[in-house]
Amino acid sequence: MVLGTPTYAVPPWLQRKVPEIAAETATGRRMPWGARQEVDFNHPAYLFHAERVIRRVVSRYASHPAVVGYQVDNEPGLYLLHNGHVFARFVEELRAEYGDVDTLNDRWGLTHWSHRLARWDELWPPDGNLVPQYDLAWRRFQARLTAEFIGWQAGIVREYARTDQFVTTCIDYARPAMDDEAVAAGLDIASANIYYAAQDGLAAGTEGSLDWPPSGTWSLYYNADRAWSTRQAPYLVTETNATSVGPAWLNQPGYDGQWRQVGWALAARGARSVQYWHWHTLHHGPEAYWGGILPHSLVPGRVYEQVAALGRDLAAAGDALDGLRPDADVAFVHSLPSKWAFEFAPPLSGVDGGPDRAAYERITSASYRGWWAAGAQARFVHGGDLSAYPVVVAAGLYVADDATLDKLRDYAVAGGHLVLGPRTGYADSDGRIRAVAAPGRLAEAAGLTYDEYANVAALPVRAAEGSPLALPPDAAGRAWVEGLRCAGATPLAVYDHPHYGRWPAVTTVACGAGRITYVGTVPSPALAEAVARWATPAPVSGFPATDPVHVTSAGLADGRRAWFLHNWSASAATVPVPFDAVDLLTGEPISGELELGEWDVRVLTSR
Amino acid sequence: MVLGTPTYAVPPWLQRKVPEIAAETATGRRMPWGARQEVDFNHPAYLFHAERVIRRVVSRYASHPAVVGYQVDNEPGLYLLHNGHVFARFVEELRAEYGDVDTLNDRWGLTHWSHRLARWDELWPPDGNLVPQYDLAWRRFQARLTAEFIGWQAGIVREYARTDQFVTTCIDYARPAMDDEAVAAGLDIASANIYYAAQDGLAAGTEGSLDWPPSGTWSLYYNADRAWSTRQAPYLVTETNATSVGPAWLNQPGYDGQWRQVGWALAARGARSVQYWHWHTLHHGPEAYWGGILPHSLVPGRVYEQVAALGRDLAAAGDALDGLRPDADVAFVHSLPSKWAFEFAPPLSGVDGGPDRAAYERITSASYRGWWAAGAQARFVHGGDLSAYPVVVAAGLYVADDATLDKLRDYAVAGGHLVLGPRTGYADSDGRIRAVAAPGRLAEAAGLTYDEYANVAALPVRAAEGSPLALPPDAAGRAWVEGLRCAGATPLAVYDHPHYGRWPAVTTVACGAGRITYVGTVPSPALAEAVARWATPAPVSGFPATDPVHVTSAGLADGRRAWFLHNWSASAATVPVPFDAVDLLTGEPISGELELGEWDVRVLTSR
Amino acid sequence: MVLGTPTYAVPPWLQRKVPEIAAETATGRRMPWGARQEVDFNHPAYLFHAERVIRRVVSRYASHPAVVGYQVDNEPGLYLLHNGHVFARFVEELRAEYGDVDTLNDRWGLTHWSHRLARWDELWPPDGNLVPQYDLAWRRFQARLTAEFIGWQAGIVREYARTDQFVTTCIDYARPAMDDEAVAAGLDIASANIYYAAQDGLAAGTEGSLDWPPSGTWSLYYNADRAWSTRQAPYLVTETNATSVGPAWLNQPGYDGQWRQVGWALAARGARSVQYWHWHTLHHGPEAYWGGILPHSLVPGRVYEQVAALGRDLAAAGDALDGLRPDADVAFVHSLPSKWAFEFAPPLSGVDGGPDRAAYERITSASYRGWWAAGAQARFVHGGDLSAYPVVVAAGLYVADDATLDKLRDYAVAGGHLVLGPRTGYADSDGRIRAVAAPGRLAEAAGLTYDEYANVAALPVRAAEGSPLALPPDAAGRAWVEGLRCAGATPLAVYDHPHYGRWPAVTTVACGAGRITYVGTVPSPALAEAVARWATPAPVSGFPATDPVHVTSAGLADGRRAWFLHNWSASAATVPVPFDAVDLLTGEPISGELELGEWDVRVLTSR
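Residue numbers (UniProt numbering), protein chains in the order written: chain Z, 1 to 607; chain W, 1 to 607; chain U, 1 to 607.
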């Protein structure tokens, strides 16, 4: 049992006693009570009571043999807190970081619209702010508050925890004030809540998106790989679909087999546990249609049986998977500051022509989906050593300091294949746009520059003469076009358009011992897959990429390798097995070909 | 003349004098002045002035011979009032109902998210509330306030009214704080404002909906039958389309003939009067494009002539229709608490994937539309004796106590045909979900259970083997699917789908001397009509159901029967007349066949 | 150089010092700081500081030889200001205008909903107002405030300005509190910010609209002609597209050639300057993706070269265009009060069935587009002498006093061709609907009346028997239909519909020495063009109207005439030149035919 701290739910008596702990999501506007997490968790009165209940609960149960670890709070970072003392602290931290207002005026460009500050107390609250550089600092600050709060709780818990107990918190990666790396730095293991659109949302052909609930088979892997990246280590899945995800009007219980598939997919990508939210569906309250393993009748039924089948699998697997390390063909550089910058001023528009606040996810998932379709496996990185990866993708890496960009270049120089995507390197770490031809410090190495960019619906893309890309007819650039001018780079694909045709969509150039490829658009699935198949012709899994069967692989602690074969479809499918393998669950030797049933998964290991 | 009380419009001098009577639609946020009904009608200062003007107006004119009755206020229940003293009274009433906070904690499930109360004054205001059980109590409370207010006014008026004068109020059934039965309980007659989409919105083939303005011919009957149900008695139509309904950008004056058609349709369903809003179109103010009988020029024109034609009809009919009682083939159990529960947490999504706050109307109208298309006539009931009805439909009856469900079962046992629809019996009267396999107390009698449900776009439905249902190709289940497991019931229709195909869409089972049929989805018009034609093969009107001609019937005071034949189309149509009848208006004998002109209506009686 | 006053951007120190100068866009709700123009410019404390900085800046630089003029403030009239003292002044001005509350009660129709005032201080603030007549007065008042403020600034500047310097302000015509005529009355020259949708938004076949950014080639001319109308004189274009218009997710840099085309189009319609917003794209702040002539790299590129090409053209043209006066075939009567009235209570619905707040623009642009397609040139007028125009169009002229309507009739009597469109003459100058058959005072002269009107999607329209209109199959009436009853007028076009077919869509009648034509619907492009071609068979330019080449013409100071030939398409096109002309830039004689390249423009003069 994982023991939780109840700090995300303020009881009514405390709401009445200290009403000023209410979260303000706009300056001076207290959130009404009645939900959860509607609290300013930085307020001393809240912290006083939170500490008291944490100490009481944890000290009471820490020695209980069933308690294997602790989860502090729940999906933190839900709100950007505008409470007065929080804003005051923000100003204090700006003062500490920038030193004087003139530096801030300069770094944020406050001359525009007469926004220059003469004194620190002149900074306007965030409510009316339109300056992107201000907003980026505000988002970073809010994420720090969340990490600090979770670290503070972890510290208290550790005063009581046994050495064999872990401390974690469950992360909803979409929370606005969530820096997963910072939050998990103070924990023993990361935990992720990974939900997904079941039914046809898991079918291999579904384009999908990261919008709620994430859809497209690749999105499940995207989120699992994000969870690994939080600590570059195994993690817990603390919540996933039991029967259906909320709200009340969204009920799509999985098809038979999908629970086994998802469970194995998560395990294959490094999950050490798969927990369902939740055990039984509730009969009251806001979450009564977030379906549990047991239905409202509390009588085990189809879902229970589906989950039990996965349980039997895992029991059969025993400890074979302990120490599993998922394989990776490609590393994606993930950047929360870039995501935040795009939420404020997105480069893409949505279907109605308004801002697409999810532009960052749209850009990064377009690449991820391509490699996934190509049978490749991915790692997300936030920095660190890149040399282990044959390919590194940096798409939408809008906010980046010089060192980060130099490191990417150095990776290519040292022999890696760097694949750049739209907007990378455009702004510095304050979100200031670089006053040089894009992609800034990467331009020379990438053998190109661009000054123009445009929003488009979709432009057909065809292979350039002599290009190694195999482009099907539906290869296209979408949403965004950068006007790439080659200065050394070779076009791989070009737009089919009277105006945009002057610019290549994809280029490549040798760089030191390696190579830099540039994708100047949001690639359609077909274009993204073509680029990925060219860049990663032989995925590490050793299996061919053939819809609807997708294979991931991992190294096991004993040196063996494991393969996870999923048939993401409603029809049986046959897949060639290029190795002499053995079925992990049955011990049956496998070679030649393997047939998978509908929505089926098989786990093989090397002999 | 019906004399009104002016209490829905607070004059500016009173707004200035007692600003605290402003309605608060969120706690502490007063509505700005400038409209009407923007008042907290529970406030003593308002009541003081309201009483004064009521007494002054009514005492002055009560003895006037032209005054036949009184209408107190106008379309009450427009806002949910959050004023502080109103909320305080809500808490007091909860205390009176539940006795102690522990009972409330239990009945509302407040353990979830640490919402348990220790004292009554800890209850949070409704603004931030997410607990459905709380909201349901709040909605019931608000509806009680409206009924109390109207009853208070009626009491004052009755101090002056003559015995030959009636007291009523006009009801907009869509008002959020409106329980029509409770409001009308203190009145002499119910009054309904029944608007509709004219032009093609009245064409027989229009699927329509109850959204503003209600469209589809059936919707006119739905609303008229709702008006009858308020007191299960004749009613006044206090407002209906004159030229067009507001707002300014919605002008669709009827086609020639539609005024006669609608007038006769309302009369046929029990209306004792048809009044138009209003006499002439206004030249100022917010309602200047709510078209009257006279246009802005004040010169009688097409609309005047259309209304006059109806007047000539009614004059010709004389008092023949006095005491008319509309026929009914089927009774629909209507449940305001279920409607309110679905407004808070709807089981259906709208076209954009968001909540469909009109889910209750969508579910109930899907059934009603089916019976209407089958030529059947309907009654709405809120309880009472069901034995008179060959068929009783309970669809979307989500909030229901045990006695209500038992009564439905007993109706079937006694020989009735009970047709259940989605969500019926799922929650108790507090809105708590029953912890048993659905449909709860009805499961055994219905010969089935279900634990799973899902949202779908549309699933094709075909007849089960040996089914008596005649299903056309466009028979489908929409929006919602319940995973029905037969335990005695026989499938009548099944989904055509690899996953959902395991569950029937429609089942039936004998129950005592009667029968229970279950429809586990929101039926498409074709599916609903097929079920209705099977359940009601011989409508009481005696006329076949053939688009575009629809016939309703009624009993008259002298024992004769009347038939109302409508051609809801722009082309002439012929209908077989299975009786020897007489034209009520011309005295002409009718038999064999009758041709109706475009948008025509004929009224026949038995000889 | 044009010297600006910085009054639209309040510096943070002043925000802190006098927080009460914040604009209130709802009563009591101060706008948060962080943008610009978020100020109550009527507040004495603001005016004190504004005056100080204006005097300091202007006195310092007035004598500088580079300063050719002044721009006071920037795009004023952004908000409707609800600050308490502003509302108090509104009431005072009403008192001055109406004299006593009974007159106001009568003119605004306040008897409805008990809104009659007994004292002036009983008037409710605008937040909750639903009375259209109130709103119209409020809008007029707000526009007066803007004009007063700009006039006040101009007065201060003039204390310092040299006689050879001009004073202007740049106008965004879409601002809610902007009466361009009133604002520019106190200035030396009008200035307009004219943006447009580049790329295919400029293609001749694009239907387009005036929504942001305005699209359809005609919309560029519409806005340029509006700018001329502000003072019926040449004007400055103070801002137009450099690379792209904001926001961040809307980037559509023009195709090659479009800068020259637009520059010449503006010059041809009377612009004395074309200035780009702005010189280089910014690296910070809210406008960092409003693209300048230089890109973020600050290195001149394609856009710079495109603009430079226009510059070379203008240099070659020298002073030949000084004193240019654009030709006009037709005058459109433009009415801001009608626009404001339609924003409050629009007669048209949008695609979702909700109000189309841009109904005025939709109605007027439907006519304008028709004449533009017919090769005609336009002038907007707000009154003044109409006798110079062969055709005058008054469409959507909802708010109009008797004198205005009589003047239109007199124009026709005197020999003009008056073309009336929907809603004209329906209300008086207070926005009160006239209690006579529409179109009110124009009915007799127009030979028709109507009492009914309806909203429709689209109705096909065909020529009436003997009609001179050449109607293609896609001629249609859209959105609005008036039920015209001829009383002397002859139908030119009729609806093809069982109900609406009884009413003509277009009628005409001789009137004195002239003619009145009535269009009772929002014409589709094809219908509008057909009416225009009939009314203006020989445009003054002397060139035929043939897509994609459009020609405008002008008189030059020296008596010569100039023609501006635009090929609004991506393919070369040939146009017959019916005169012996000369190329203004090359001096080359032109006759017979001229080929224009893609997105090309040629300027010819008479020899």
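Hint data in this document are derived by calculation from the structure and do not stem from the laboratory. Every value quoted in this text rests on a predicted model; they were computed, and no experiment measured them. Any given hint could turn out to be false.
Computed beta-carbon distance windows for the label pairs [claimed, not checked]: (1) Z:ARG502 <-> U:PRO6: 49 to 59 Å; (2) W:GLY128 <-> U:HIS64: 54 to 64 Å; (3) U:PRO578 <-> W:ALA572: 49 to 59 Å; (4) U:ARG16 <-> Z:ASP200: 48 to 58 Å; (5) Z:GLY84 <-> U:GLU598: 56 to 66 Å; (6) Z:LYS17 <-> U:ARG16: 53 to 63 Å; (7) Z:ARG502 <-> U:ASP583: 23 to 33 Å; (8) W:VAL351 <-> U:ASP496: 55 to 65 Å; (9) W:GLY128 <-> Z:PRO544: 47 to 57 Å; (10) U:GLU148 <-> W:ASP211: 44 to 54 Å.
Computed far set for chain Z versus chain W, every beta-carbon distance over 12 Å [as the list claims (entries may be wrong)]: (11) ALA45; (12) GLN199; (13) HIS280; (14) GLY301; (15) HIS499.
Residues from chain U that face chain W, not an exhaustive set, calculated with beta carbons under 10 Å [to be verified]: (16) THR111; (17) SER114; (18) HIS115; (19) LEU298; (20) ARG432; (21) ALA510; (22) ARG515.
Glycine included, C-beta positions come from ideal geometry on N, C-alpha and C.
Status of each hint after checking the structure:
Range check, Z:ARG502 to U:PRO6: about 41 Å between beta-carbon atoms, so the 49 to 59 Å window is missed. Separated by about 60 Å at the C-beta atoms, W:GLY128 and U:HIS64 satisfy the suggested range of 54 to 64 Å. Distance hint for U:PRO578 and W:ALA572: a CB-CB separation of about 58 Å, consistent with the stated range 49 to 59 Å. Take U:ARG16 and Z:ASP200: their Cβ atoms lie about 57 Å apart, and the range 48 to 58 Å holds.
Our hint of 56 to 66 Å for Z:GLY84 and U:GLU598 holds, since their Cβ atoms are close to 60 Å apart. Distance hint check: the CB atoms of Z:LYS17 and U:ARG16 are about 34 Å apart, inconsistent with the given range 53 to 63 Å. A hinted range of 23 to 33 Å for the beta carbons of Z:ARG502 and U:ASP583 is consistent with their spacing of about 29 Å. Between W:VAL351 and U:ASP496 the CB atoms are about 31 Å apart, so this pair departs from the stated range of 55 to 65 Å.
Hint check: W:GLY128 to Z:PRO544, Cβ distance near 54 Å, so the stated range 47 to 57 Å holds. Between U:GLU148 and W:ASP211 the C-beta distance comes to about 46 Å, which sits within the given range of 44 to 54 Å. No Cβ of chain W comes within 12 Å of the Cβ of Z:ALA45; the nearest lies about 16 Å off, and the non-interface call holds. Z:GLN199, annotated as away from the interface, has a beta carbon of chain W within 12 Å; the closest lies near 7 Å.
The claim that Z:HIS280 lies off the interface is violated: its Cβ sits roughly 9 Å from the closest Cβ of chain W, which falls inside the 12 Å cut-off. With a closest Cβ-Cβ approach of about 5 Å to chain W, Z:GLY301 is found to fall inside the 12 Å limit, against its non-interface label. No beta-carbon of chain W is positioned within 12 Å of the beta-carbon of Z:HIS499; the least distance is around 34 Å. At about 8 Å, the closest approach between the beta carbon of U:THR111 and any beta carbon in chain W falls short of 10 Å, and the interface hint on this residue holds.
With 10 Å as the threshold, the beta carbon of U:SER114 comes within range of chain W, its nearest partner Cβ sitting at about 4 Å, so the hint holds. A hinted interface residue such as U:HIS115 counts as satisfied when its beta carbon comes closer than 10 Å to some beta carbon of chain W; here the least separation is about 7 Å, so the hint holds. For U:LEU298, the interface hint is violated, since its Cβ never comes within 10 Å of a Cβ in chain W; the closest pair sits about 44 Å apart. Using the Cβ-Cβ criterion of 10 Å, the hint placing U:ARG432 at the interface with chain W is satisfied: the shortest such distance is roughly 6 Å.
Taken as an interface hint, U:ALA510 does not check out: its beta carbon lies about 25 Å from the nearest beta carbon of chain W, beyond 10 Å. A distance limit of 10 Å between C-beta atoms decides the matter here; for U:ARG515 the minimum to chain W is near 25 Å, and the interface restraint is violated.
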